[in-house]
Amino acid sequence: MEEFFTMVVLIADATLRVATPLILAALAGLFAERSGVVDIALEGKLLGAAFAAATVAAVSHSAWLGLAAGIAFAVALAMVHAYACVTHKGDQVVSGMAINILVAGLGPTLALAWFHQGGQTPRVEGNARFHPWHWPGAEAIADVPVIGPIYFEIVSGHNVFVYLAILAVPLTAWVVYKTRFGLRLRAVGESPEAVDTAGISVDRMRYQALIVTGVLCGIGGTYLAIAQNAGFLRNMSAGQGFIALAALIFGKWRPWPTMFACFLFAFTDAVQTRLQGVDIPGIGIIPVQFIQALPFALTVILLAGFVGKAVAPRASGIPYIKER
Amino acid sequence: MIAPAPPAQVPRWVTHVLVPVANLAVAFIIAGIIIALIGEDPWQAMKLLVLGAFGATDLIGFTLYYTTNFIFTGLAVAIAFHCGLFNIGGEGQAYIGGLGVGLVSLALVGWPAPIVILIAIAASMLFGAAWAFVPGYLQAKRGSHVVITTIMFNFLAAALMTYLLVEVLIEPGQQGPQSREFDANAWLPFMHDVFGAVGITIGQSSLNLSFVIALIAAVLVWVFIWHTRWGFEIRTVGANQAAAIYAGISPSRNIILAMVVSGGLAGMVGINEIIGVHHRLILDFPAGFGFVGIAVALMGRNHPLGIFFAALLFGMLYQGGSELSFDIPTITRDMVVVIQGLVILFSGAMEHVFRPHIVAAYLRVTRRRTPMAAE
Numbered sequence: 000m001e002e003f004f005t006m007v008v009l010i011a012d013a014t015l016r017v018a019t020p021l022i023l024a025a026l027a028g029l030f031a032e033r034s035g036v037v038d039i040a041l042e043g044k045l046l047g048a049a050f051a052a053a054t055v056a057a058v059s060h061s062a063w064l065g066l067a068a069g070i071a072f073a074v075a076l077a078m079v080h081a082y083a084c085v086t087h088k089g090d091q092v093v094s095g096m097a098i099n100i101l102v103a104g105l106g107p108t109l110a111l112a113w114f115h116q117g118g119q120t121p122r123v124e125g126n127a128r129f130h131p132w133h134w135p136g137a138e139a140i141a142d143v144p145v146i147g148p149i150y151f152e153i154v155s156g157h158n159v160f161v162y163l164a165i166l167a168v169p170l171t172a173w174v175v176y177k178t179r180f181g182l183r184l185r186a187v188g189e190s191p192e193a194v195d196t197a198g199i200s201v202d203r204m205r206y207q208a209l210i211v212t213g214v215l216c217g218i219g220g221t222y223l224a225i226a227q228n229a230g231f232l233r234n235m236s237a238g239q240g241f242i243a244l245a246a247l248i249f250g251k252w253r254p255w256p257t258m259f260a261c262f263l264f265a266f267t268d269a270v271q272t273r274l275q276g277v278d279i280p281g282i283g284i285i286p287v288q289f290i291q292a293l294p295f296a297l298t299v300i301l302l303a304g305f306v307g308k309a310v311a312p313r314a315s316g317i318p319y320i321k322e323r
Numbered sequence: 000m001i002a003p004a005p006p007a008q009v010p011r012w013v014t015h016v017l018v019p020v021a022n023l024a025v026a027f028i029i030a031g032i033i034i035a036l037i038g039e040d041p042w043q044a045m046k047l048l049v050l051g052a053f054g055a056t057d058l059i060g061f062t063l064y065y066t067t068n069f070i071f072t073g074l075a076v077a078i079a080f081h082c083g084l085f086n087i088g089g090e091g092q093a094y095i096g097g098l099g100v101g102l103v104s105l106a107l108v109g110w111p112a113p114i115v116i117l118i119a120i121a122a123s124m125l126f127g128a129a130w131a132f133v134p135g136y137l138q139a140k141r142g143s144h145v146v147i148t149t150i151m152f153n154f155l156a157a158a159l160m161t162y163l164l165v166e167v168l169i170e171p172g173q174q175g176p177q178s179r180e181f182d183a184n185a186w187l188p189f190m191h192d193v194f195g196a197v198g199i200t201i202g203q204s205s206l207n208l209s210f211v212i213a214l215i216a217a218v219l220v221w222v223f224i225w226h227t228r229w230g231f232e233i234r235t236v237g238a239n240q241a242a243a244i245y246a247g248i249s250p251s252r253n254i255i256l257a258m259v260v261s262g263g264l265a266g267m268v269g270i271n272e273i274i275g276v277h278h279r280l281i282l283d284f285p286a287g288f289g290f291v292g293i294a295v296a297l298m299g300r301n302h303p304l305g306i307f308f309a310a311l312l313f314g315m316l317y318q319g320g321s322e323l324s325f326d327i328p329t330i331t332r333d334m335v336v337v338i339q340g341l342v343i344l345f346s347g348a349m350e351h352v353f354r355p356h357i358v359a360a361y362l363r364v365t366r367r368r369t370p371m372a373a374e
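Here the protein sequences come in this chain order: A and B.
Take the first sequence: its letter number 151 is residue 150 in numbering that gives the first Met the number 0, and every next letter is one higher.
Take the second sequence: its letter number 85 is residue 84 in numbering that gives the first Met the number 0, and every next letter is one higher.
Since the hints were made in silico from the structure, they are not lab data.
Computed from a predicted structure; not experimentally measured.
Don't take every hint at face value.
[Stated by the list, open to error] Ranges of calculated distance between the beta carbons of each label pair, as one might list FRET restraints:
1. F194/B x L64/A: 55 to 61 Å
2. I282/A x R252/B: 38 to 44 Å
3. L50/B x W173/A: 55 to 61 Å
4. P256/A x E170/B: 41 to 47 Å
5. E166/B x F4/A: 29 to 35 Å
[Claimed, not checked] Only pairs whose alpha carbons sit at most 25 Å apart, straight line, appear in this in silico DSS-like list of lysine-lysine:
6. K308/A x K251/A
7. K251/A x K177/A
8. K140/B x K308/A
9. K321/A x K88/A
10. K251/A x K46/B
Note that CB positions come from ideal geometry on N, CA and C, so glycine has one too.
Please put together the full structure from these sequences, using the hints given.
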């Protein structure tokens, strides 16, 4: 029992850590798609931000400058996407693909040229990293049964970004559903003609939404590079941008359900690392690959309409061309 | 902003040659800037790249070996494009196509070589087509967006293949996750052996008979798209679904058909890689070829001839790029990936940025030359 409880606490702890970049990226995607711009470049923006954050943090020894660089680079990528797709009505999927591929090559290329360490940045330490926050009294009550471990492992001791990601969910919900910006955001993704008729610029709204997307991906990528890890590694986003996209579909483009979808995917990942090679009575050993494939398989099943219908914002993916 | 001119006013070579070349030039200029940024000489790099790709017969062989993969995946993306579908799943379809090739080659021990090879080719198409069928079916019948489902299917293919290679098909006593080597009767002949048999000596390379198969596939795709009823229906659905329905053409049937053909073509990468070169099933053999297919199709304007030249360009980049990284260690394969991304960005996503300017510039030049014609 004791052992089981410890395992549950540790899995919850790991779930939070794994879910953080997913939540940030999924909320980023939420802003983009709610504005009517499909964003399959979440992966590229996470990876790009991770590279920029780690590079600047390694050179400046400042985690905050790293964060600024991560956000700046992700926003820049989002602006490339906006310029191609919003201003020039280019194909959103092609643009997203291009950004993903471009960043996958650019990070290692520049890292190799600048740091000569085989396409990765040097390890960042000390002030160049974001460290866990230890809440008051966490050490003191760590040994108290039940409450101690919960407080010590789950509530306290996380990175600032973990709390930030979770705070971003109610914040997003508030922005999307309670503010004027949110009202326009939802309208522009559902019916851009109406927004246009009301005298609001569709393009401007989409640019604004994509800036938010860039900021959130920038934070997510920074977390990957200099909070969860200690430097940039080739392909370190490892499909998390696509899992975030899956979570967004799962959450039906709504903040809270999207967060829970991220938790679900992060949970399967946390469980997976613990179940590796463990013989489960009656089932046997579940191959790791099947658990890793779960988010992707679930998304396909959901999209097929077997588990409720996932309906994207109506104008998502369609360039808006003003009638003349 | 410049209003786009009616297409009838510009000859086809402007939109089909000039515009793509201009887009490509921009991509390469930016790539050159990046090379300069990392402290290398772009001209020198370009020279080494071209020499590395075409400097000797064996180097040309390797270039054409990569070209083979890109013809298959470029055609795959193009067929789907003609139906208005964006097949991002070439990577997964190629991987599963390779599985088909591998299973056949492992199973048919002792059969005559031509039969094994023919069945393996059929299996590559069948497996790739089956892997693309599901996203195609879901798009056609249940409206699940093919872009998202094919992305997911890439991950699913990777997971499945890792599982199979690590747990099932792994060669007993082997450490690395790969199958046993096929018997020689499943090997597709290398081109240097084919030429050698008729007394012509060329450098040894990975180039094998798949290249010829790819060329045949390109011709067949051309016939299929422009000279068969199925191709016509696919193009109609791609151009205007409402009109297609009105004309009695079923969009869902053609969406599935286009995806299946597309997947079958992507699956043929397995022939080149598995029975052409590696002679065993290995991990991660598609190595991004499926994604390059997107750039190839975009650059080649979804036409087999254009795709051939675009595939050749990327074959040159891949082969030249790997030679380049020997000479200039700071320029690795990753730089080729950067160029690939830039090509997709400029010839795909940003094509509307330059096209009106190029067309307008062309019209200005021609009007000046023949002032009467403008009246």
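Legend entry - Hint check against the structure, violated hint numbers in rising order: When the structure is compared with the hints, only number 10 turns out to be violated.
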